[in-house]
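The hints should help you fit chain Z onto chain W, whose structure is shown.
If you read the protein sequences in the order shown, they are chains W and Z.
For the first sequence, our numbering gives the first residue as 7, with consecutive numbering after it.
For the second sequence, our numbering gives the first residue as 7, with consecutive numbering after it.
Rather than coming from a laboratory, the hints here were simulated on the basis of the structure.
There's no promise every hint is true.
Remember, identical chains collapse to one label, so a pair may be satisfied in a single copy or spanning two.
To be verified - Mimicking BS3-like on lysine-lysine, the simulated pairs with C-alpha atoms at most 27 angstroms apart in a straight line are:
| # | residue 1 | residue 2 |
| --- | --- | --- |
| 1 | K201 | K122 |
| 2 | K383 | K136 |
| 3 | K225 | K207 |
| 4 | K129 | K8 |
| 5 | K275 | K122 |
| 6 | K201 | K387 |
2 protein chains.
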Amino acid sequence: MKLNIITIGDELLYGQTIDTNSAWMAQQLNANGWEVYEKIAVGDSKKNIIDALIRSMDSVDVVLITGGLGPTSDDLTMPTLAEFFNSSIVLNNEVLNDISSMLTPRGIPLNENNRKQAYVPEKCMPIRNKLGTAPGLWFNEKGKIVVSMPGVPHEMRGMMNDVVLPKLFEINNHEVLVHKFILTIGIAEAILAEKIERWEKNLPPKLRLAYLPSPGMVKLRLTAKGNNKEELEKLITQQVELLKPIIYNYIFGYDDDTLASAIGKLLRKHHLTLSVAESCTGGYISHLITEIAGCSDYFEGGVVSYSNIIKTNILEVKTESLNEAGAVSKKVVEEMAWGANKAFGTDFSVATSGIAGPTGGSKDKPVGTVWIAVAYKNKIKSEKFNFGNNRERNIIRASNMALMMLRNEIISEFE
Amino acid sequence: MKLNIITIGDELLYGQTIDTNSAWMAQQLNANGWEVYEKIAVGDSKKNIIDALIRSMDSVDVVLITGGLGPTSDDLTMPTLAEFFNSSIVLNNEVLNDISSMLTPRGIPLNENNRKQAYVPEKCMPIRNKLGTAPGLWFNEKGKIVVSMPGVPHEMRGMMNDVVLPKLFEINNHEVLVHKFILTIGIAEAILAEKIERWEKNLPPKLRLAYLPSPGMVKLRLTAKGNNKEELEKLITQQVELLKPIIYNYIFGYDDDTLASAIGKLLRKHHLTLSVAESCTGGYISHLITEIAGCSDYFEGGVVSYSNIIKTNILEVKTESLNEAGAVSKKVVEEMAWGANKAFGTDFSVATSGIAGPTGGSKDKPVGTVWIAVAYKNKIKSEKFNFGNNRERNIIRASNMALMMLRNEIISEFE
Numbered sequence: 007m008k009l010n011i012i013t014i015g016d017e018l019l020y021g022q023t024i025d026t027n028s029a030w031m032a033q034q035l036n037a038n039g040w041e042v043y044e045k046i047a048v049g050d051s052k053k054n055i056i057d058a059l060i061r062s063m064d065s066v067d068v069v070l071i072t073g074g075l076g077p078t079s080d081d082l083t084m085p086t087l088a089e090f091f092n093s094s095i096v097l098n099n100e101v102l103n104d105i106s107s108m109l110t111p112r113g114i115p116l117n118e119n120n121r122k123q124a125y126v127p128e129k130c131m132p133i134r135n136k137l138g139t140a141p142g143l144w145f146n147e148k149g150k151i152v153v154s155m156p157g158v159p160h161e162m163r164g165m166m167n168d169v170v171l172p173k174l175f176e177i178n179n180h181e182v183l184v185h186k187f188i189l190t191i192g193i194a195e196a197i198l199a200e201k202i203e204r205w206e207k208n209l210p211p212k213l214r215l216a217y218l219p220s221p222g223m224v225k226l227r228l229t230a231k232g233n234n235k236e237e238l239e240k241l242i243t244q245q246v247e248l249l250k251p252i253i254y255n256y257i258f259g260y261d262d263d264t265l266a267s268a269i270g271k272l273l274r275k276h277h278l279t280l281s282v283a284e285s286c287t288g289g290y291i292s293h294l295i296t297e298i299a300g301c302s303d304y305f306e307g308g309v310v311s312y313s314n315i316i317k318t319n320i321l322e323v324k325t326e327s328l329n330e331a332g333a334v335s336k337k338v339v340e341e342m343a344w345g346a347n348k349a350f351g352t353d354f355s356v357a358t359s360g361i362a363g364p365t366g367g368s369k370d371k372p373v374g375t376v377w378i379a380v381a382y383k384n385k386i387k388s389e390k391f392n393f394g395n396n397r398e399r400n401i402i403r404a405s406n407m408a409l410m411m412l413r414n415e416i417i418s419e420f421e
Numbered sequence: 007m008k009l010n011i012i013t014i015g016d017e018l019l020y021g022q023t024i025d026t027n028s029a030w031m032a033q034q035l036n037a038n039g040w041e042v043y044e045k046i047a048v049g050d051s052k053k054n055i056i057d058a059l060i061r062s063m064d065s066v067d068v069v070l071i072t073g074g075l076g077p078t079s080d081d082l083t084m085p086t087l088a089e090f091f092n093s094s095i096v097l098n099n100e101v102l103n104d105i106s107s108m109l110t111p112r113g114i115p116l117n118e119n120n121r122k123q124a125y126v127p128e129k130c131m132p133i134r135n136k137l138g139t140a141p142g143l144w145f146n147e148k149g150k151i152v153v154s155m156p157g158v159p160h161e162m163r164g165m166m167n168d169v170v171l172p173k174l175f176e177i178n179n180h181e182v183l184v185h186k187f188i189l190t191i192g193i194a195e196a197i198l199a200e201k202i203e204r205w206e207k208n209l210p211p212k213l214r215l216a217y218l219p220s221p222g223m224v225k226l227r228l229t230a231k232g233n234n235k236e237e238l239e240k241l242i243t244q245q246v247e248l249l250k251p252i253i254y255n256y257i258f259g260y261d262d263d264t265l266a267s268a269i270g271k272l273l274r275k276h277h278l279t280l281s282v283a284e285s286c287t288g289g290y291i292s293h294l295i296t297e298i299a300g301c302s303d304y305f306e307g308g309v310v311s312y313s314n315i316i317k318t319n320i321l322e323v324k325t326e327s328l329n330e331a332g333a334v335s336k337k338v339v340e341e342m343a344w345g346a347n348k349a350f351g352t353d354f355s356v357a358t359s360g361i362a363g364p365t366g367g368s369k370d371k372p373v374g375t376v377w378i379a380v381a382y383k384n385k386i387k388s389e390k391f392n393f394g395n396n397r398e399r400n401i402i403r404a405s406n407m408a409l410m411m412l413r414n415e416i417i418s419e420f421e
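Next comes chain W alone, as it looks inside the complex (with noise of 0.2 angstroms):
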């Protein structure tokens, strides 16, 4: 079953916000059976709206909207679903009752812009909001179910959550669609896909590969769509024994695994501990580390060592090294690395020292120059790079290789 999802509003169009309401519905779509046929993006404008609802119809049952339904002005979804459905606007009690338990215990006034939410289409089953004000409209006109839901992540998730998934899922024959990653690193697609070509050829005619990649590491992606769930995953798991040999070390996880995670469960694995001490990266591979959930089992903290000062007196780097060579040296991010290892007494630890930009790059040392070591016991490994000038880049690029060098050191010592 396969439906569209349309999200509504000029800041999509003006790349003032990054749609991430649509990938997480078809996600969730996905798992419960259904396909997103296409994604549409329009203005807040009557008739485009009208327009992509109109073309959606033609091609699916289905449309989830999202967008559009605040208190203020320049939402139009509402005021524009009741004409094209034809249908008069009405005052909806519960849905005023909704708002106002809901405004009340914070202190807030029920204000006209908060009234006006409690106006409906009567053509439409109100849905209920129980994280913000707008509620969400479910039609089923014309043979075709058109559902709206607030542009907030928070408040669409509830909504979808509670309403929106189960009904589908009635409604839905069952037809599942089953995703497995592979996550490669330190190969590239070309050569990836030359190395699998044969076991790729080999699939059988149910199975769909595809290639992500992203810098530094390639997501193979096999999907399987039927019936019978089981029967799928088992077909693709028997693919992925097959593959496994062909690229077992370009392999650092599956499915939702990060770099970070799965050197989570490395270090968890081997009773290994981790600290980390960060200059140009300011505190994001920490971040990156924190994300996953139980790394208390092995994280022990970090320092973000954005001065000197810092970098002499809690991670103990020596002051001639500083003068000598530079903070962004090999010298000094061995002694951060080995600093942080004593600091906090961890068996691995990973330092980064670099210019992250846009100012502070000399010729020697240009924007983008960044070392990164790793120690492990009285090993040290170190190694420089240059991520280019862009700010934001070299800080993640850093990162990811940070833990790069961090997984391969683990390996190298442990598997």
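Quick look at chain Z alone, frame taken from chain W:
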């Protein structure tokens, strides 16, 4: 001038990739006087790509496409466009040259998959890809322009900057869009709308206002459209000046400001320094601060004290405080803030201690409980929050709240 963006890839419809490309493209296009009429995401299917193309060419004259140009078997965009424009596919020697001069220095052999990428539709002008192997394709057929670019973000950006934007800029009749964001904090959308209702009603007809709410903040966007950029900017500035006195206390910044960059400006202005001691936020506050270029002017550094040993050793939190009140307590978070102020020798410091989840909660301190403290000289302010049971959101909301509290303290001391 309006155009459509079509993004291609099953991963977009499965919700496995969040589309950031089209947002970036839209921003650049806006700045060059182009508006996005509609964004359409379709799967890796010939039929669906052609459907989206036909519909787009009904409403606009220019269509930009990203995705599906890779070297592997799931990439369909090039043959689909060749079919659509009724063009044969030929080997392009310049493209082949580009590909081999990209791979050779990196020691990667030119394999069959890469060679395939040098075959392009005869009817198109290939666009050089300086950052990858897939060329872009520029079609100018039947009075319409269709441009296909890779989905890899930095490759697409390179082509946009080098070729597509300059060429589109020539075509455009120079009508421009000017945006101005006014960023507010601590006021709900509906209340804000009420406060500025009169101002909004008196806006000149060339201006449009939009409310863009996100947790804890509401962005106001003023948009002006016309031929004279300077005049539009002046018009917007006038209206912002009229708005300021109405909601002065709630405005924390404009345009690309973030809470962290607004705090950075305040700290720099008053020659103040900052340090951070993070437990549950795990480095994310440091990351938000160090994302801002030039933060080394005021940011000394931070400690991610995930384990209690680090809290006592580096931040000098008292063992009895940890034993009596527990790590997640007013007492410990205040000692962490004092400790950071002392260790880093800063004017201000911010500390967080909480239970991010999903485990670690208790009846007294459920998952989501977070203590936040802001220390300044001999003063301290601390507050307890509960942000719910989603780990990711806890980290983000606790970090934003910590920055909000910090901002309030700086303002009440210095502004």
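- Alpha-carbon proximity between K201 and K387, which holds within one copy, between copies, both or neither at 27 angstroms: So K201 and K387 fail the 27 angstroms test inside a copy (30 angstroms) and across (59 angstroms) alike.
- Query: Between the shortest in-copy and the shortest cross-copy C-alpha distance, which are at most 27 angstroms for K129 and K8: within, between, both, or neither?
  - Reply: within (24 angstroms within a copy, 35 angstroms between copies)
- Message: As a check of your reading, is K225 near K207 (CA-CA no more than 27 angstroms) within one copy, between copies, both or neither?
- Response: within (18 angstroms within a copy, 51 angstroms between copies)
- Message: Cα distance capped at 27 angstroms. Does K275 pair with K122 within a copy, between copies, both, or neither?
- Response: So K275 and K122 fail the 27 angstroms test inside a copy (57 angstroms) and across (43 angstroms) alike.
- Message: Checking an output row: K201 and K122, CA cutoff 27 angstroms. Within, between, both or neither?
- Response: This pair counts as between: shortest inter-copy Cα distance 16 angstroms, intra-copy 61 angstroms.
- Task: Up to 27 angstroms between alpha-carbons, please classify K383 paired with K136: within, between, both or neither.
- Result: Neither way: K383 and K136 sit 53 angstroms apart in one copy and 42 angstroms across, limit 27 angstroms.
In summary, the numbered hints that this structure violates are 2, 5, 6.
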